[in-house]
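Q: What follows is the residue order along each chain.
Protein chains: 2
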Amino acid sequence: MPIVMRRLAMPELRLDPLRNEWVAYATERNDRTFLPTEFCPLCPSGTDGHSEVPLDTFEIVVFENRFPAFGPDRRGGRPVRPASTGCEVVVYTPEHELTLAQLPADRVRLLVDVWADRYRELGSRAEVAYVYIFENKGEEVGVTLHHPHGQIYALPFVPPFAQAELEASGLHLEEHGQCLHCSELSLEASGPRAVLAEGSMAAFVPRAARWPYEVHLYPRRHVVSIAELEEAERWDLARALLGVTGMYDRHFGFSTPYVMALHQAPTDGQAWPQAHLHFEFYPPHRREDRLKLLAGVELGAGTFVNDTRPEDTAAQLRKAAAAPAERAPRKSPVTQ
Amino acid sequence: MPIVMRRLAMPELRLDPLRNEWVAYATERNDRTFLPTEFCPLCPSGTDGHSEVPLDTFEIVVFENRFPAFGPDRRGGRPVRPASTGCEVVVYTPEHELTLAQLPADRVRLLVDVWADRYRELGSRAEVAYVYIFENKGEEVGVTLHHPHGQIYALPFVPPFAQAELEASGLHLEEHGQCLHCSELSLEASGPRAVLAEGSMAAFVPRAARWPYEVHLYPRRHVVSIAELEEAERWDLARALLGVTGMYDRHFGFSTPYVMALHQAPTDGQAWPQAHLHFEFYPPHRREDRLKLLAGVELGAGTFVNDTRPEDTAAQLRKAAAAPAERAPRKSPVTQ
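Residue numbers (our numbering), protein chains in the order written: chain V, 1 to 336; chain B, 1 to 336.
The set of hints was computed from the structure by calculation and includes no laboratory data.
Each hint should be verified, as a subset may be incorrect.
Said to hold, decoys possible - With a straight-line Cα cutoff of 25 angstroms, these simulated SDA-like cross-link-like pairs (lysine to any residue) come out: (1) V:Lys319 with V:Gly302; (2) V:Lys319 with B:Thr27; (3) V:Lys319 with V:Gly199; (4) B:Lys319 with B:Glu288; (5) V:Lys319 with V:Ala194; (6) V:Lys319 with V:Leu187; (7) B:Lys319 with B:Arg286; (8) B:Lys319 with V:Thr27; (9) B:Lys319 with V:Tyr25; (10) V:Lys319 with V:Glu288; (11) B:Lys319 with B:Ala194; (12) V:Lys319 with B:Tyr25.
Let the hints inform the model, and build the full structure from the sequences given.
A: Take a look at the structure:
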């Protein structure tokens, strides 16, 4: 079972009145550890060691982020409550050089359990409205430590993209009696944008993908959160996560950077029957040697311009999904 | 007066059902001209020349983008109508090496007129719901041509961020009888986050800034679009645009990359009394030697984490705004 360590931190939240959205301020982060070359704070350093993990070894470890983006709720000038802090780091393995795509299936299976455990535990806190689980992989998406790890933010609000999905799916449920995600799945799981299937799990390029190689991975069964997945589904999910990340590495020919985001039901005490657990993957590459950089249209208007057709990228990814695994993908040749 | 040339193009729009947002597909763009080193397609090439501007010289020129992101409305399977295409490039000067910050005031004054003209002309088309004017400056925000220029997208929908602002400001107008932007201006124009003023124009770091050095520039008078600005306001705006862009260059000590986005009233035929013209600037740097890279929280949840306090960055920018102009800012030292 994972070990959880706690640290104190005090970021601040402010409401942007123009878009009615929360913005987080974490000024200590501007000087945070940046790609250290000699010492990895996520490697086990032994019981006398000085890394974040003073252990001889571990399977998966969870601890609270030293440079958190979210902390005790200070919006209302309320007293600081360390117990409500929730910015956690999930270290996938003690082995520094691996990536999620290279882990054994039983380790990824354990990771699914860790996520389910953290979703339940953090989500049970009264002040936590949304448990946001994600992974940033690669310098291209701002990673400051290469050791394989993900993050969990326990948010005191439902973030904008989750909110938008819940609204759209809620309307769809009212009008059609079915969750929007279930409807999309039935279209996509076997259509021209399907990329891989693993028993109870299906992955596809969504028809209105924002990122050139965006992939969504769903449990076929309607489950609102990762905590609801059954034993067999957790194994399928572990294999599907290895399938998607390995597919990217084989397609690009290098260890592919990505953002992996879990969308699921808020934990604010309301019922969210229109939520449907899924993973969204956004690799920043638009070609092997070019990144999709966000600019004026995406950043100033909120509209994405995608230079690739989802049907074309899905066809490429299907081919990579079916290809034999490579041993040691080389590093990404571009940082821009 | 600007010269307008037209080209045919056929991008595609798809609705993302999950967030109920349009995504644009422009597959020809993936092979678009990328930082050519010997030939600049935006320099005047003479009347026999092969650049996009076959002229001996010009003041400001506007032409239709060869690699547009938006084109004839194909959402409903309607016939292609080239007349509705509206992705324009605005070249600020024939001088390749300049930036907006280095233009003479009367050229920027002419640019304001060009924007007002394009807003009116493109906005008068029945199929154009929003005229989105912006500039991407620097390789850090994906610029593929260094010649000083901006862009105008004539969109068949109101984009998400404009929509969110209109909703928030509409509610505020109902509740308080005043546009939200006017309320914010009265707080910010002389407060701890003010950075510069130029007669009828005021610039500040918004209190819930997403980007470390984000600045918003407003006309103090409630005008819904750039077309409503009067003569004296247009001169003030020209000087304020030089003020903000020059301030960035002096603060960072190099020609600072940024996204500049104009937010104003939609042109869909409805009345938008809650709209208030303003410019938003997002430089990607969080320090002289580090970029703010968007990652899992921004891209997967829609929530920004800012490593700086708006009051601190405003104080730094005020100092730079008051400093004497530098001659030749050096190039940005980082691309990551």
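Q: State for each hint whether it applies.
A: Status of the hints after comparison with the structure:
Taken as a hint, the Lys319 of chain V and Gly302 of chain V pair is broken in the structure, with Cα atoms around 32 angstroms apart against an allowance of 25 angstroms. Distance check on the hinted pair: Lys319 of chain V and Thr27 of chain B sit about 20 angstroms apart at the alpha-carbon level, within 25 angstroms; holds. For the given pair, Lys319 of chain V sits about 19 angstroms from Gly199 of chain V by alpha-carbon distance, which is consistent with the 25 angstroms threshold. For the suggested pair Lys319 of chain B and Glu288 of chain B, the alpha carbons sit about 16 angstroms apart, so the restraint of at most 25 angstroms is met.
A threshold of 25 angstroms between alpha carbons decides the hint, and for Lys319 of chain V with Ala194 of chain V the separation of about 11 angstroms falls inside it, so the pair holds. Taking the CA atoms of Lys319 of chain V and Leu187 of chain V, the gap is near 20 angstroms; set against the 25 angstroms cutoff, the hint holds. For the hint linking Lys319 of chain B to Arg286 of chain B, the alpha-carbon distance of about 17 angstroms falls within 25 angstroms, and the restraint holds. With a CA separation close to 20 angstroms, the supplied pair Lys319 of chain B and Thr27 of chain V stays within the 25 angstroms bound.
At most 25 angstroms may separate the alpha-carbon atoms for a hinted pair to count; Lys319 of chain B and Tyr25 of chain V meet this at roughly 23 angstroms. Under the criterion of a C-alpha separation no larger than 25 angstroms, the hint pairing Lys319 of chain V with Glu288 of chain V is consistent with the structure, at around 16 angstroms. Between Lys319 of chain B and Ala194 of chain B the alpha-carbon distance is near 11 angstroms, which keeps this suggested pair within the 25 angstroms criterion. Distance hint between Lys319 of chain V and Tyr25 of chain B is fulfilled; the C-alpha atoms sit about 23 angstroms from each other, no more than 25 angstroms.
The structure does not agree with numbered hint 1 stated previously, though it agrees with all others.
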